[in-house]
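The primary structure of each chain is shown beneath.
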Amino acid sequence: MCQDPTRRALILTALATGACLASARPSIAEEDLPGSSERPQKGDVLVFAEGDRAGEVIKPQDLQAGGPPVRAWPKDPKTSVVRKGSRLNEILVVKLEPAELDEETRSRAAGGVVAYSAICVHTGCPITAWVKAAGGDKDVFKCVCHNSEYDPRQSAQVVFGPAPRRLPALPLATDDGSLTVAAAFIGKVGAQQAR
Amino acid sequence: MALKQWLLSGLLASTCLVSVAAAGPIENYSPVTTERLKNPEPGNWMHYRRTYDGQGYSTLDQINTSNVKNLVPVWTFSTGVVEGHQAPPIINNGVMFVSTPEGQVIALNAKTGDEYWRYKRQLPEDLFQLHPTNRGVGLWEDKLYLATTDDHLVALDAKTGKVVWDTKVQDYKKGQYLTLMPLVVDGKVIVGGSGGEFGIRGYIVAYDANTGKELWRTFTIPGPGEPGHDTWSGDDWKTGGAPAWMTGTYDVDTRTVYWGTGNAAPWPGETHPGDNLYSTSVLALDPDSGKMKSYFQYHQNDSWDWDEVDAPMLIDLQRDGRTIKSLVHPGRNAIFWVLERKPEGIKYVAGWPFVYTNVWKSIDPNGKPIADPAHKPGIGKRVEFCPSLWGGKDWPSAAYSQKTGLVYVPANENFCGGFTGEKVPLVAGKLWLGTKPEDIGLTPRPGATHFGELQAWDPATGKKVWSHNFPKSQLFGSVTATAGDLIFVGGTNDRMFRAFHAKTGELLWEQKTNSGIVGMPIAYEVDGTQYIAVQSGWGVDAQRIQDALVGKVPGLENNVPQGGVVWVFAVKK
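Residue numbers (the working numbering), protein chains in the order written: chain A, 1 to 195; chain B, 196 to 768.
Please keep in mind that the hints were generated in silico from the structure rather than gathered at the bench.
One or more hints might be untrue.
Which bits of chain A does chain B cover? Going by a derived footprint, with three or more residues having C-beta under 8 Å, they are [stated by the list, open to error]:
#	region
1	73-79
2	83-96
3	122-132
Below, a list of computed lysine-lysine pairs in the DSS-like style, where the Cα atoms sit at most 30 Å apart [as the list claims (entries may be wrong)]:
#	chain 1	residue 1	chain 2	residue 2
4	B	Lys556	A	Lys138
5	B	Lys625	A	Lys84
6	A	Lys138	B	Lys625
7	A	Lys138	B	Lys576
8	A	Lys132	B	Lys556
9	B	Lys618	A	Lys138
10	B	Lys363	B	Lys556
This structure is a prediction, so every number in the text was calculated from the model and none was measured.
Cβ coordinates follow ideal geometry from the N, Cα and C atoms, glycine included.
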């Protein structure tokens with residue numbers, strides 16, 4: 001079934017079964033699938049990006065209150081395409097106490113769950129750490145490349161390091177118990193070059 | 196004036212301003228020949244360290260110990276870029292080429308600071324820039340060469356800044372990137388790859404300067420059937436690191452290129468058993484073929500992230516009653532190495548610690564350091580070691596004065612560190628350190644009275660002649676020596692640029708700059724006037740060290756704004 005399929009047949013087969021991609025020839029990487037590099041769109045669900053449950057849809061109860069954040073990809077529920085074709089689509093999802101969130105952040109949260117771009121806006125490194133802030137006792141996002149820190153309770157504003165601006169926020173909602181994207185990223189994802 | 200007239204006048208004025216600001220193209224450009232590269236004029240700085248031997252020494256002496264107190268800025272130029280500005284301004288007969296992070300090159304009138312042209316690399320928006328920097332441009336004939344963080348080598352027309360050719364070296368999405376200044380030898384442009392933190396196999400590669408065609412590529416980790424392959428286990432050689440991301444030095448007489456290599460990957464040695472040739476080594480290569488002539492490995496089975504990528508200086512030393520054609524390398528591993536370039540290969544002469552270390556118990560007669568297992572990181576255990584993973588001296592270069600016979604080292608003393616090793620699966624394009632990045636520690640040694648230390652060593656005797664200590668700062672910037680008996684260096688978190696007396700270590704002059712200096716100072720001359728130039732622009736590892744010290748060093752100065760500026764100084768008459 002997976003031998004020498006046409007591109008269309010391969011994609012349809014993969015979409016239907018989720019299988020054959022790894023061994024298919026000619027191989028079609030997941031990042032080549034239509035829509036996989038598009039930024040998250042309203043209605044997308046979020047799926048785990050790594051770990052034992054990679055690919056599964058994330059629900060609020062999957063998250064531990066107070067963090068650490070979960071790394072996620074957006075997924076188009078209509079085509080089942082996971083938008084992992086661009087590293088700029090990687091997302092941090094964290095559940096926090098709603099009372100800790102400022103008004104703007106709360107307006108984009110689903111309950112206490114907030115989501116942000118996982119790409120540091122300083123030089124494009126991934127944000128990988130959830131650590132005590134250099135200037136406080138709360139846990140914050142940290143880009144260990146150059147030590148920029150962002151507070152997810154305050155629209156991910158920069159609280160330490162060289163980053164020039166906040167992380168783009170991804171407004172969330174819940175639909176049928178799953179986390180969904182309520183609107184596109186607020187702000188440009190990734191680093192910006194000098195003019 | 197009517198509004199319409201006023202607007203028109205404004206537009207015309209703007210047009211004039213643009214044409215004045217960008218005065219290019221450069222006229223009467225001096226083509227760079229092999230002979231000029233072998234014997235650069237005293238007033239020029241056309242190599243990474245001015246000369247092929249890597250000494251970082253200028254024979255200019257108009258600015259000297261008697262008048263350096265009158266050194267003043269004569270022009271500055273904002274690059275418009277943040278992050279670490281590490282490149283030396285490159286000078287060719289009155290033209291200055293400055294490269295910056297994000298792959299910019301700016302051509303300036305070296306006397307006035309007027310801009311001729313600017314090249315802006317359009318970097319991919321998904322680029323992961325772990326080391327957002329650039330260390331300079333190489334010159335050949337009427338072209339210059341820029342290595343970029345999206346892993347391209349680009350040739351520009353030196354007169355106009357137009358792209359002549361653009362060659363993809365490897366794939367940035369797999370963690371391959373370039374930060375070094377290309378080394379040009381006889382019409383070949385030689386570069387080495389960064390990316391040791393991403394599970395790459397290091398290499399050094401040469402391109403035809405005129406066409407960009409690849410001429411040879413030598414991997415720094417030998418493949419199956421090649422000598423040294425048996426120093427790796429299983430498939431470790433495919434992802435074992437050993438990057439080569441600093442410019443090499445070149446022995447013109449023997450036509451040998453010397454290149455430093457980085458650590459094995461990932462960090463804990465347990466994950467890559469064996470000596471791991473040719474990581475943490477100096478390689479001697481034939482520039483025509485890339486064939487390896489010889490090597491010396493500074494330490495085996497690296498577990499400390501101690502890259503040894505800063506290429507050794509080539510110095511003729513008088514030692515034990517004879518002239519030694521030496522290779523001198525103050526190592527990240529805390530050992531000051533003196534090696535010899537012998538016809539049969541590189542031989543160990545002497546080695547001694549130049550900062551405190553608890554890792555090495557001894558050095559055997561062949562130059563192999565013996566590690567204390569108690570201070571060698573492993574899987575599942577946190578190990579502390581001195582110096583820290585930034586080493587006794589990281590990539591910033593030392594300098595050698597032909598007048599004093601001393602080597603000047605930008606050292607870091609009393610910094611220790613540690614991490615817990617762990618086995619981590621390799622994912623292409625993602626960091627692969629063998630530890631959690633947030634677990635990396637930097638700890639002042641108990642009782643430490645200072646950290647950064649500018650040191651002057653006699654490489655012939657192993658004697659430290661003087662040192663200048665910095666109580667509240669690391670020293671993270673390259674050193675330049677001049678025939679005026681001056682040593683120039685930035686590198687501290689107080690934004691200062693300093694000049695020291697080469698013989699005594701006396702601080703003779705200092706100037707506060709816009710940011711911190713991690714750039715390389717240079718000396719040059721135009722129309723009979725000597726200048727000193729350096730880029731100020733804090734970032735990358737100097738910033739990382741700074742951030743790691745917050746809360747650990749009382750009174751630490753932590754206000755080091757970013758933003759690059761070229762500073763040019765001359766003696767006030």
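* Hints that the structure is at odds with (numbers, increasing) -> Numbers 1, 4, 8, 10, in rising order.
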